[in-house]
Structure formats: C-alpha cells, structure tokens
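Asks: Now for the letters of each chain:
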Amino acid sequence: MLSRVAERLYWMARNVERAENSARLVSVYRDLMLDLPRGVGLEWRQLVDITGSEAIFDKRYKSAGERNVLRFMLADRDSPSSVLSCLVAARENVRTTRDLVPREGWECVNELYLFARRKLGGRTLPKGLYEVLSQVIAQCQQIAGLLAGTMSHGDAYQFVRAGRHLERADMTTRIVDVGSATLIAKGAELERLENRLWMHVLQALSGYQMYRQYVRRRIRAPATIAFLIQDTHFPRALAHNLERIQQALQPLPRSDGPLRALARVQRMIGDLDVTGLEREALHRYIDNVQLELGAIHTQIESTWLIPQLDEAV
Amino acid sequence: MRIDWQKYDPKGGYDELISSPGYARAPARGLARYLRSLSDQQLARRQRQADLAIEEMGITFTVYSQGENIDRAWPFDIIPRVFSNREWAHVASGLEQRVTALNHFIQDVYTEQRIIKDKVFPRAVLKGSKGFLPQLMGVKPRYGVWAHICGSDLVRDKDGTLYVLEDNLRVPSGVSYMIENRSVTKRVFPELFRKHHIEPVDDYPAQLFDMLASLSPRPLDYPEIVVLTPGIYNSAYFEHSFLAQRMGAELVEGSDLTVGDDDVVYMRTIHGPQRVDVIYRRINDDFLDPEVFRPESALGVVGLMRAWRKGNVALANAPGAGVADDKIVYTFVPKMIKYYLDQDPVIPNVPSYLCMDKNQRQHVLENLDQLVVKPANESGGYGMLVGPHASAAERKRFAALIRKSPRNYMAQPTLTLSTSPTLCDGKLEPRHVDLRPFILQAERTYVTAGGLTRVALVRGSLVVNSSQGGGSKDTWIVDAEVRH
Chain A
1 MLSRVAERLY WMARNVERAE NSARLVSVYR DLMLDLPRGV GLEWRQLVDI TGSEAIFDKR
61 YKSAGERNVL RFMLADRDSP SSVLSCLVAA RENVRTTRDL VPREGWECVN ELYLFARRKL
121 GGRTLPKGLY EVLSQVIAQC QQIAGLLAGT MSHGDAYQFV RAGRHLERAD MTTRIVDVGS
181 ATLIAKGAEL ERLENRLWMH VLQALSGYQM YRQYVRRRIR APATIAFLIQ DTHFPRALAH
241 NLERIQQALQ PLPRSDGPLR ALARVQRMIG DLDVTGLERE ALHRYIDNVQ LELGAIHTQI
301 ESTWLIPQLD EAV
Chain B
1 MRIDWQKYDP KGGYDELISS PGYARAPARG LARYLRSLSD QQLARRQRQA DLAIEEMGIT
61 FTVYSQGENI DRAWPFDIIP RVFSNREWAH VASGLEQRVT ALNHFIQDVY TEQRIIKDKV
121 FPRAVLKGSK GFLPQLMGVK PRYGVWAHIC GSDLVRDKDG TLYVLEDNLR VPSGVSYMIE
181 NRSVTKRVFP ELFRKHHIEP VDDYPAQLFD MLASLSPRPL DYPEIVVLTP GIYNSAYFEH
241 SFLAQRMGAE LVEGSDLTVG DDDVVYMRTI HGPQRVDVIY RRINDDFLDP EVFRPESALG
301 VVGLMRAWRK GNVALANAPG AGVADDKIVY TFVPKMIKYY LDQDPVIPNV PSYLCMDKNQ
361 RQHVLENLDQ LVVKPANESG GYGMLVGPHA SAAERKRFAA LIRKSPRNYM AQPTLTLSTS
421 PTLCDGKLEP RHVDLRPFIL QAERTYVTAG GLTRVALVRG SLVVNSSQGG GSKDTWIVDA
481 EVRH
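Residue numbers (the working numbering), protein chains in the order written: chain A, 1 to 313; chain B, 1 to 484.
Treat each hint with caution, since some may be false.
[To be verified] Examples of chain A residues lying across from chain B (beta carbon under 10 Å, computed): (1) 95; (2) 253; (3) 303.
[Stated by the list, open to error] Every beta carbon over 12 Å from chain B, so not counted as near; a handful from chain A, in silico: (4) 96; (5) 178; (6) 209; (7) 214; (8) 233; (9) 235; (10) 244; (11) 291.
Keep in mind the hints are simulated off the structure, nothing from the lab.
All values derive from a computational prediction rather than experimental measurement.
Virtual Cβ for every residue (Gly too), placed ideally from N, Cα, C.
Based on the sequences and whatever the hints tell you, model everything.
Replies: This is how it looks when you write it as structure tokens:
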C-alpha cells in the first residue's frame, strides 16, 4: 500500500472526526454559557484557547465575542480546524482515494460536505444552528459506521481507525480541559457551578448516560475525570481510544516506534490519580497528554505516511 | 412507432450501418432487424437504462469549468457501430504496419538517422519537431520500441475509404471508455450478444499488463508495474485509475516515487521503499523529470531519466516518442512504411499539403476556404482552421500564420465523415463518427478489436470531442459470414 494513500485515509478519518468533535465542543459551550450565571468568568474566548488556535484567531478577528468565535470554529475556511474546513479536506481525501473507499462512503462524505457548505458556507450562520450541528454529528457517526461495515478491515482500514481514534483521544482531552476552566465563585456556589460544568462536559461527549450507568455516583469532578480519561469501555474515553489505536497499529508492518510512543501515553494514564487533583494540575496534565498524543502522530507519519527513503538506499 | 429504415436518410454520405434507404450493410443486418423490432418507447427505455448504468458504474470524464473540476457522466449512445471481421482484419494489419514503421522511424532518428541521410525525410522537419529530444541520442530501448501504446484516429470519407487522420503516440486516452461502453451495451442489449458473434474487448488490460511486464528490466513473473498519473485534476484520471485497477497495478503520483543513489526507482509504501520495474506514465515528457526537463514540474520524479537511461526502469511510452506525434511528420508515414518495411501502406493517410513546400503552400493559400489547416504540435482540435466554416478574417489570420512559420502547418481537404444511426430525441438520425483503435507494441503487436467510436451528437457537426458535445458508441467487430 502506497504511503500517500495511507496518509489520505488517515487524514480523512481525522478530518471527519474533528468536524464532529468541533460541532460537539461548540454545542456544549453554548449550553454552558446559557446555564452558568454571568460574571463567573467563562468566556467564548476560552473555546479558541482549548483548540490551540489562538494565533490564527487573533490574526483574523479583533474581538472574541460569540459571533466571531462561532464563525471561526464552524465556518472559517482560514482555520484548518473549522467544521467546514475539515469537511472540505475530508472530501478531498476521499476523492483521491476513491479506489479504496467503498462507494457509499464517498457518497456519504460528499453529502455531508454539501450539507455543511449549504448551511455554514453563507455570510451569516444559519438560524437553528444547533440543529445543523446535531445533523453534522449524526452524519459523521454515519460515515464511521458505514466504513466499519463496508470496508475490508485490512491495512487501509487500520489507517482509518488510527486516524479516527487519535483525533478523538485528542479532542476528549480538550473537552476535559473545558472542565478546568477558571470559575470565579466561592464555597457552595463554586461547587454547584463546577458540578454543572462537568455535567455539560459529559453531555458534550454523549457520556452523561453512560457515566450514570457505569459510575453510579453523582457527578463530581474527580469521578468524571477518571471516567473520561481512564475508562476502557466508554468509546470517547481516552483509555478506550488508546486501546483502539493499539489494535489498529499492531497488524501494520514496522510498528515498533509508534507502539512505543503509544505505550508512553498509556502509562501516563494509568498513573493518573484524580483524588484531590487541582484545576491547575489537571490543565498541566492535559497539556502533557496532548504533547504525547502529538508524538504518536509524528511516529505514525514518519513510519508510514511520509517515510524518509534514505533507509532503502 | 417503430424505426422505419426507409426513412433513415444519410443524405448522400457514407453510413456505417445502412447502405441505402431500407438496406442494412451485411454485418449490421442482425442489428438493424433487432432495432426495428423495438418500439420507440422500448428504445428510449434502453437509453435510460444505459444512462443509469453509467451513473451507477461511475463512468465519468472530468471537465474544468469555472475554477472547479467537475466529474460529468460519460455521454453514450446505445446504438453500436459495426464492422465486419473481414474489414477489421485488414484495418488491424494496417495499424500494425503503421506502428511498426513509426517505431523504426523513432529508433532511427535517435541513432543513425538513415532516413535523413537517404533523403527520404527532411532534416528541417526533425529540427522543427517539438517532440524530438536531442539529449536522447544513442538510446536503444528494449525491442527498439519507443511507442508501446498508440491510439490512431481513423475516419471514413463519403466514398467509404478509411483514412488515418493522426497517430497519438504520447499519452493517448479513451481505451477505458471503449471497455466500459461494451459493458453498458451488454447490460442494455443482452439478447444481441447471445445471437451474434461479437469480438470481446475486455482483454485489453491483460494485454497491456503483459506488454508492460515484457519491458521489465528484472526477469520476474510479477514485476512491479505502476501507472503514473498527474493526479485527480487530470481529465483522464478516471482512465488512469481504471487501468491501474484492472491490471492490479499501483496508481502512483510523482511524489510517490523516488530515485535512489543506485539510480533505481522506488515507491514509498507502508512497508518501506519498494523497487519499481515498469512505469506506464500518463504524464507528458516535459513533466517527467525536473532534472532534465521543466525544472518547476511537481508532477514528475527527480532522476527518472537517469534511471531509465541506465536500464533500471522501463517507461511506456518512452520519452521522446512524441517526435513521431506531429502533424508534419505524419505526412511522411507512407514513405516510412515504404522505406523501413518495403511495403505499401494498407490504410492511406488523408491527402495532405505541406506548407513548408513552396508549391503546396501556394495551393493551400489559394484554397483556404476548402481546406482544414492544422498546426504541427497541437492536439484535441486546438489551433485549427476549418476553412469552409471560417470567416474571411480568420482565414486571413491563418494565411499570415502560415507565411510566418510554414514548418508549423499542414492542410487537408475537408472530409465528409461517415455517419452512424444515433438516438436523438427518441429518433434515429445519422451523426458523424470517427474511430480510435489502440495498438500495443513490444515483443509482439496487439490491436484492439474495434476501438472507441466517437460521435458528434449535434446535427451536422464534425466535432466528436466529449468536452464539446461529443459522445461515444460501442464498436462491434462481427462475423459477417455467420447468418443470423
């Protein structure tokens, strides 16, 4: 299998997953803004920080109000992580690998792209924006399911899986980072706000119901963090996604380097003790996990996607 | 309403299926009888079925329009065009003869240039050839073959004579549509295939694979063969990916390949670098290797020419084969056949006037309103003058162009291309057609059974190009001796 083809499939999966996650992130943030009283320190600006795109944002916009941030996160073609940009890229990735992707997969990605362009491509964001975002999330899920159900689970599919789960792992850490947001409140009030914050975080990851079923405790910061990071069954939890990446990489040739990088993150996750974890410490921890996830990507890239050829000759 | 062949009128031109009102030509009799048995509605339903099949099978061609590349469904007419196997055997032998002579010619101009020394071919023509690459002097590819894949365009004039209109020796395309047209026709008229003996066409990818494999520098059962494409924005991308799939070869872009210090070509795979033996390249000479040709080309592979000259990789077609894909060189093909093979041409050239010759140029300038004037190195109908349809101003402009660079122009009489019945708004009407058969040559020569028939869907139009309202038809080679 050609490296270029592997690269496109990997990015197709990442882009679809990122579009879904950005849609989720925006939805949860909107809910939070509606639910938390004003003046507790939650700003739209933090959404930009969470996605690590401050530099591009500041170049493009003067103020970080709701309208600008939404536009940036959803429709801005100058931001590679906006929902629309991700879907444009995903469509291009499939278009150039149509031989390997089942026909229905191409059609599905193309339809979603056309839908997003129609809804988000205009000068202003549409009314009923959150309906549009739910639709984007549902169709991204459909694409993942379609590929799982129609594409041979050979090498090509392993790159799709690796891309999807690495992207999801990354976004889960970012959404957990929302929970480390600074709230200006004291005592019982702070606790009440914090719990609401974590409930929204769970909802963003469709994890509220699963948390209730599996954790069976009221929603508190430590238990929620442990659930989203260390649970191996919940499909959007970090540990679960790392396990999936491992399953995807193992059958591929020359997978030592990437697997070693993966093992490092798995150890970090196993070692995490959530009891009494301060907000600052959580934020730092998430930063480190994100760096290590980046290292997995670098390994995948240099081993399979954009290999240096000196070794051959 | 059923078809009334009495009312089908080719208006004095030559029709491929009908010899005179009410009478079908011998190889087409079974088809004409069958079509007569269908009602208009049934016929229209078959065409819809075909359109649907084309959409379903994803047969497309790419047009560039308004800054976007659009995949359009391939325009297809369900009524086949028919040849008798006797006539086709004759045509095929003529094509083989032609490509053989052309390959002799290319090898000769890159080595001894005997044909020039013997004054059969003017040195001035070679000097003016854009496709000639002097840096390749002395190269001898395996079997002495440079043009491994050739698509020659054939047209039939009103008296029924078939002519070669041009030879495409660079990167001819269309063969995938020939194969797909057949599979659509089989879906639409399955009953006809049971009754008639129609030569199959779908062995082309296997023939292509075997031909390419025979070029491999390493004697392997399964040499690594790749199809090199400029990418999805190329108008023939569908075909590149089609042929790669049918041959089981990798479809690669320039960035997938690299040449090592050992002057061997490798492709980047997830298993690490893998050696490549044969490259069926679908990119032009200019873009092949930035080290030798256009330095800014991002489509090619640095060092590819080095690897090829050392014999570490085979390229089909060989770089430099385009020297014979030139409208002026074309006029010398009958002489090449005589010179290298000592034979008379089986299929004639369209009579042509060379503007570089003083007397012929005079004739061209005096008769611009009756001639088609063609530039030496363009393809796809660009830069042409169709005298009878041109304005006085255009003719004046061409007269000036011809005087300025006579080497660059030739002229031919305007032919009345033959017609073939075509479904237009539910009725069968005569429409002009041409034919592009494909010839493979290496150790052996293979000619497709028929080829790609292109049809001008607009009444009276001679333009068969798919981007300009042209369509295509299935082409049948049938055994006319068998009575149906």
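Asks: Taking the hints in turn, state whether each one holds.
Replies: Outcome of the hint check:
1. Because the beta carbon of residue 95(A) sits about 6 Å from the nearest beta carbon in chain B, less than 10 Å, this interface hint is met.
2. The beta carbon of residue 253(A) comes within 5 Å of a beta carbon in chain B, closer than 10 Å, and the hint placing it at the interface holds.
3. The interface hint given for residue 303(A) is met, as the beta carbon of that residue sits about 8 Å from the closest beta carbon of chain B, less than 10 Å.
4. Under the 12 Å C-beta cut-off, the non-interface status given to residue 96(A) relative to chain B is violated; the minimum distance is some 5 Å.
5. Taking the minimum C-beta to C-beta distance to chain B, about 36 Å, the non-interface status of residue 178(A) holds against the 12 Å cut.
6. With a minimum CB-CB distance of about 39 Å to chain B, residue 209(A) clears the 12 Å threshold, and the non-interface call stands.
7. Against chain B, the non-interface label of residue 214(A) holds: every CB pair exceeds 12 Å, the least being about 37 Å.
8. Every CB of chain B is more than 12 Å from the CB of residue 233(A) (nearest about 30 Å), matching its label as outside the interface.
9. Residue placement check: residue 235(A) keeps its beta carbon more than 12 Å from all beta carbons of chain B (closest about 26 Å).
10. With 12 Å as the threshold on Cβ separation, the claim that residue 244(A) sits away from chain B holds: the shortest Cβ distance comes to roughly 19 Å.
11. Annotated as non-interface, residue 291(A) keeps its C-beta farther than 12 Å from every C-beta of chain B; the closest such distance is 25 Å.
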